[in-house]
Structure formats: structure tokens, C-alpha cells
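Asks: Quick mapping for you: the protein sequence lines, in order, are chains A and B.
Yeah, the first sequence ends on 421 if you go by the numbering used here, and it's all consecutive.
Yeah, the second sequence ends on 226 if you go by the numbering used here, and it's all consecutive.
Read the hints as simulated data drawn from the structure, not as lab findings.
One thing to keep in mind: the hints can contain errors.
Stated by the list, open to error - In the BS3-like style, the derived pairs of lysine-lysine whose C-alpha atoms are separated by at most 30 Å in a straight line are:
hint, chain 1, residue 1, chain 2, residue 2
1, B, 174, A, 279
2, B, 157, A, 279
3, B, 174, A, 291
4, A, 325, B, 188
5, A, 246, B, 188
6, B, 174, B, 114
7, B, 174, A, 335
8, A, 325, A, 291
9, A, 294, B, 144
10, B, 225, A, 325
11, A, 291, B, 207
12, B, 212, A, 279
13, B, 87, A, 279
14, B, 225, A, 335
15, A, 335, B, 182
16, A, 279, B, 221
17, A, 414, B, 174
18, A, 246, B, 134
19, A, 279, B, 193
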Amino acid sequence: MLEDNQQEILKGVLETAGKKSAGSISTMIDFSVNADVYNLQDAFDLYEAEMEKEDMAFIVKSELKEEKGGITFFMMPEESTRKLVNVLLDRNIDERFGKFGQEEMSTMKEVGNIVIGNFLGEVSDYFDTSILHDPPEIVHDMIGSFFADMIRYTQNLEEVMIAEVPFASEDLGIEGRYILVLGDDIIKEFVDYFD
Amino acid sequence: MNKEEVGIGQFKVIKDSGELIARSLGSCIALVIYDRTNKVGGMAHVLAPEGNDEKRLDKPAMYPEPAVKRLVRKIITHGGDKDNLEAKIAGGAQMFSFKSDGAPGEKNVKAIKKSLEKRNIEITGEDVGGNKARTVKFDVNSMSMKIEMKI
């Protein structure tokens, strides 16, 4: 596990990575970013309240390559996604459209792929390593079911470190977050780097 | 009507009337066991097919076998008869795939069915699998299960 001062440094790294990565979604949107890092026995206590949420969100998930272990999620509530897609597809930001069709889903998947790649690239650069990820999967579903699946995933890990990086544009009413679940090997790599 | 939320790893039993609700089930399973004659029903919100039951003592229904065992015991203490018990299950979707654990929803369903079979509890209804989350509601008065999906 990381010491408190190491966690503070990691938070700074993640905030920078989150800021740059969110900026890559659209240079026209100024996102504010705040990171938190948690050392946990398991992720239950952190997300218990979220596990029953029926609100819909878009979640892009990508596992880190096997040798590192871990998983990263990019999550945006449905309303924020609607606005972001409108901005990216050059529509009026508040335009209402019915179901999220292929065009909207592809846009979000591409956004997820880019931001996850940029986010991990920034973190990799800082730690002088290479954190690669698998091709992303995207789902549009209830927030609670996603958290339950994530917690089940963390049960297989000896140590659980979760980095949460929320980002928001208050002007546009767009918000989202990255959640990075770090596996045992990558935690060790970070610890070694700080040592 | 009395409505009781059943969170992950929890189980609850109601006698006579009321509704039990498990929200946002992905690969999790809502397991309902009931005794129609004595009007007792219970629900467990099961997370994973197997795991360390001692790790989370405050979540006694995380895994199928302890969930079934504890639910049956509690139904009997509320006046249920073990020879009258029937079950319904819902959930077990595959939202994401994880390299480390294959198809957890499917494994969850199999593990629950095995635990029920061991106790000769017949499954009278099921809605499992797929790739969408469900919210499951069980009405103890009518012994009926309602499933909501947001598409």
C-alpha cells in the first residue's frame, strides 16, 4: 500500500492526467478535475450507496493488459452524455434525441477509447512505465449494476487501490468520472517507483 | 404497502404482505424463496458464485450457498414450512466481461440452482442472463415477481 504522502503525489499525477485527458474530449470545454485515491480492504464501503442507483449512465470499461492487472472505467450520466454527444456531433447542446443510436454509441465509445488511452498514457509517463489497455467495451445501463460488477472484480485482488477522478464542466452541465482499479502488480510498481 | 429494499449481500423476509426490492442487478441474482400456504416470502441479493463468507459478516447473502441456507432458516422462523418452499430467480446478466472470472452471471445462476436443488426447492419462475440490468420486485401477498429493465 502507498504511504499518505505517496498517495498525495499520486493524486496530483492523476489530476494532471485527468485534466489532460478530459481536455482531449473537446478543446472547447474547460473541465475541472479532482482526484481521490483510496486504499481499501474491498470496495464495498466506498460504493455501497451507489450500488442501488437505477440512474442510467454510459460506462466504457477497459482492462489493463494482463501483466499489469487492473481495470479502468470512464463513466458519464445519461444527461451529460447527451450534451457531450451533441457538442461533438456539432448539434445544439440541449437538442433532445430519442434513443441513443449507433452514431451516438460509436461517438461515446471513441471518446472512451481516447480518454482512457490518454489518461493511462499520462500516468505511464509519470511512472516511467507502460500501462496499456485492452479495447474498450461500452454499456448503457443502470449505475448500480456496474458498481456491483466492479466490486466483484475487486474481490479477486489481494490489495485494492481505487483512484477516482471526477471531471465537470459547470458551464455546460457535463460531468463524469474515471475510476481506476489498480491490481496488485501495478501497486507494487508504484511503490517501487516511490522507493 | 410495506416496501423493503434488499441491498447487495443482504436478505430479508416478510410475512403476509409487503414488497421486497432488489435494484440494479447486473450479474447479481435476486433469489426469492416463499411458502405460499403460510404466506411467507424472502429475498436475497447474491453477488458472486463463490467467495470468502467470513470476509463480510455484515453481508450474509453474498454467495449462493450461505444465502439459500440463511434465507430458508429465516423463512422457517417466520412460520414457513420447509416442505412448501418454492423459488424464483432473476438477474445474472453479463454486462461486462472480465478476463479473471469468465461469465459470472451464468456461474451465479448455476450455483444458486445447485443450492436449491440440494434442498429440493423447486424453481417456479426465472428470468436470467442477457446483458441488461434488472430491478426485481417481489409481492409477498400475491407471491408474484415483477422485473423492470430500462432499455
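Asks: Measure nothing beyond the straight line between the CA atoms of residue 174(B) and residue 114(B); if it is 30 Å or shorter, mark the hint as holding.
Replies: Violated: residue 174(B) and residue 114(B) sit about 43 Å apart, past 30 Å.
Asks: Under the criterion that the straight-line Cα-Cα distance not exceed 30 Å, is the pair residue 212(B), residue 279(A) satisfied?
Replies: holds (15 Å)
Asks: Hinted pair, alpha-carbon criterion (30 Å max): residue 174(B), residue 291(A). Please report holds or violated.
Replies: Holds. Residue 174(B) to residue 291(A) sits at ~10 Å (cutoff 30 Å).
Asks: For the pair supplied as a hint, residue 174(B) and residue 335(A), is the alpha-carbon distance within the 30 Å limit?
Replies: holds (20 Å)
Asks: Please work out if residue 225(B) and residue 335(A) have their alpha carbons no farther apart than 30 Å.
Replies: Holds, at about 20 Å.
Asks: Given the hint that residue 414(A) pairs with residue 174(B), test it: the Cα-Cα distance must not exceed 30 Å.
Replies: holds (21 Å)
Asks: Are the Cα positions of residue 279(A) and residue 193(B) separated by 30 Å at most?
Replies: violated (34 Å)
Asks: Taking only the CA atoms, is the gap from residue 246(A) to residue 188(B) under or equal to 30 Å?
Replies: Judged against 30 Å, a Cα distance of about 48 Å means the pair is violated.
Asks: Does residue 182(B) lie within 30 Å of residue 335(A) when you go C-alpha to C-alpha?
Replies: holds (28 Å)
Asks: Residue 291(A) and residue 207(B) were given as a pair; does the straight-line alpha-carbon distance stay at or below 30 Å?
Replies: At roughly 26 Å apart (the allowed maximum being 30 Å), residue 207(B) and residue 291(A) satisfy the hint.
Asks: Verify the proposed pairing of residue 174(B) with residue 279(A), using a straight-line Cα cut of 30 Å.
Replies: holds (26 Å)
Asks: Does the structure keep residue 87(B) and residue 279(A) at a Cα separation of 30 Å or less?
Replies: At roughly 19 Å apart (the allowed maximum being 30 Å), residue 279(A) and residue 87(B) satisfy the hint.
Violation of the numbered hints given earlier is confined to hints 2, 4, 5, 6, 8, 9, 18, 19; the remaining hints are satisfied by the structure.
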